[in-house]
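Participant: Protein chains in written order, with UniProt numbering: chain A, 1 to 95; chain B, 1 to 350; chain C, 1 to 243.
Please note: incorrect hints may appear among the correct ones.
[Claimed, not checked] Which bits of chain C does chain B cover? Going by a derived footprint, with three or more residues having C-beta under 8 Å, they are: (1) 63-71; (2) 110-119; (3) 142-148.
What the hints contain is simulated information worked out from the structure, not anything from laboratory work.
Values in this document were obtained by computation on a predicted structure and should not be read as measured data.
Beta carbons are placed, not taken as given, at the ideal position from N, Cα and C, and that holds for glycine.
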Amino acid sequence: MTTTDWPLWEVFVRSRRGLSHTHAGSLHAPDAELALRNARDLYTRRGEGVSIWVVPAAAITASSPDEKDPFFEPAADKPYRHPTFYEIPEGVKHL
Amino acid sequence: MATAAAQRTAGTQPDGDGVPDTADTADTAAYQRAFDAAVAADERVEPRDWMPDAYRATLVRQIAQHAHSEIIGMQPEANWITRAPSLRRKAILMAKVQDEAGHGLYLYSAAETLGTGRDELLDKLHSGRQKYSSIFNYPTLTWADVGAIGWLVDGAAITNQVPLCRCSYGPYARAMVRICKEESFHQRQGYESLLALSKGTPEQHAMAQDAVDRWWWPSLMMFGPPDDESQHSAQSMEWKIKRHSNDELRQRFVDICVPQAESLGLTLPDPDLRWNEERGHYDFGVIDWTEFRDVLKGNGPCNEQRITQRRRAHDEGAWVREAAAAYAAKHTGTAGAAGHKTHETGAARA
Amino acid sequence: MTATGPATVPATAALALGDDALVLSHRLGEWAGHAPVLEEEVALANIALDLLGQARVLLSLAGDEDELAYLREERAFRNLQLVEQPNGDFAHTIARQLYFSTYQLLLHTELAAGNGPFAPLAAKAVKEIAYHRDHAEQWTLRLGDGTEDSHERMRRASEALWRFTGEMFQPVEGLDADWAGMEERWLESVRDVLTRATLTVPEGPRTGAWSAGAGRQGLHTEPFGRMLAEMQHLHRSHPGASW
């Protein structure tokens, strides 16, 4: 009976052309082919998608919460990467 | 991208057992403070964040019960798919029952992010160690019951669920957003179906009234015991798993239903139901909590039947699940004919 | 069949195709709450809903969809005997799906390519049917090449339904198709799937004294009467009512 344990897959759906795939949820399937079909049936019943990725949940490497500081905080103190950092005289267009 | 304060200061718990690997009491207290602060600030808790064991256990219990309710809840309505009186109604009902299976799947996935697999949860359902909503232990005796379930049972469920879209646990809240969006048609189709019956032949009207008579009180019980008797309510509200009390939501539901019943031309079976100017709400009669507890205990009209059918479907399907797993084991590594390993696979329907 | 537009659609053909879709959709609907795994609840319902949608369009071409579905007697239904066969275990349902969807895909592909009255709706249905055919193929492979038990069940199912497959290629009045050519392609396609599923093509006859073109003539099997009794009883109990 242990063989009925189907692995977990994460599902990413592109809702329309021009947008990237976003995480929609997860599901169980014995293999990639059925995972793709199950994802189509489950996550695009109402025409929510034009393209699907399925990824074995076990294959995802995640940053853990206590890695978050070194991972993401350096970006927060570099405001000069963002356009709002710069002051432009009023009336100057197309910048 | 709001990073929970808890995430920034709390340790990881990759084994999902609720105990930080390098825990000492001082750390735990700090994690707890950070968690409390994050919840108080209305930030979302995400799967890998530290969280109190009791919070995790409460969520697993609630999400599992919710998932089980979707799955068991398919049965009373599926009971009428093969007898639906028009092809239009048949299509609607099939789509609705299908949605319930889908919602069960979303919710099992949400529970899974807390470290409890679907097989384990189903096992607990099948062995009676976890519950599902008692409402599904009532029978669907006529076609009008399908309409009454849509209007009242789904109506009550939506009243309960809309606040859950802001639940503190991210995956549960996100599942609920999707579910609420999809369920918007469930209640409307029920109302529309009852309206057709109410305005139909005298026999149809009587059928509709009979269904409302039978489903009204059980629907009010769906909000759970009164606030002063509810075991888990206070803690769940503090954790922002729950946002409103049972009685608050029940009142909201009654207030919504009364004018809707009038438009339907049907009567709600409660002689004490009347507008209270002072409170700005409808007063309603006393709920029979003895019946509620009795059904909860397993003595409802369909408890045995529902769980037996669920167990049978699961047991009889075991060979299919085993076959697919065996096939996958044999063919792992060989790219399937229809899957495209590296390309995006168009899955759009026409 | 050169005229176009709903008014000139041959009713016999619309009923044959519509009844196939209606009856199979009903059978698949019986799975609700009983499927072997939750993901299949969703998948089977999707297929049932597609078929019901097809049935409604087709029956509406021949008359009032509800009158046709709910008020005809058993002998007036024009569906294949294959689609009315009870669900059996999951293997039987999959074998029925494989045989029927392969046929339906071939037929609708031809209809869609032609310029007959069914071309527009066939073009839409082809996309749905291709998915049904794929679903049946995926599961035939997994059951046939899964465990010993599943192999045996899939073998039994593919054999049990084999005798209902000859009927599919009896020409239907009003449908312009290369029936003999379709039958050849059907055999080839089904053989390919069964072989990859480590199964052999059943050896028995594909028609019997009872089943040769019978469903299309209104001659059905016993389980069909019970199915209709269940499907029609509520509608018939309230003559003239709206729902």
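Participant: For this structure, which hints from the list above don't hold up?
Facilitator: 2
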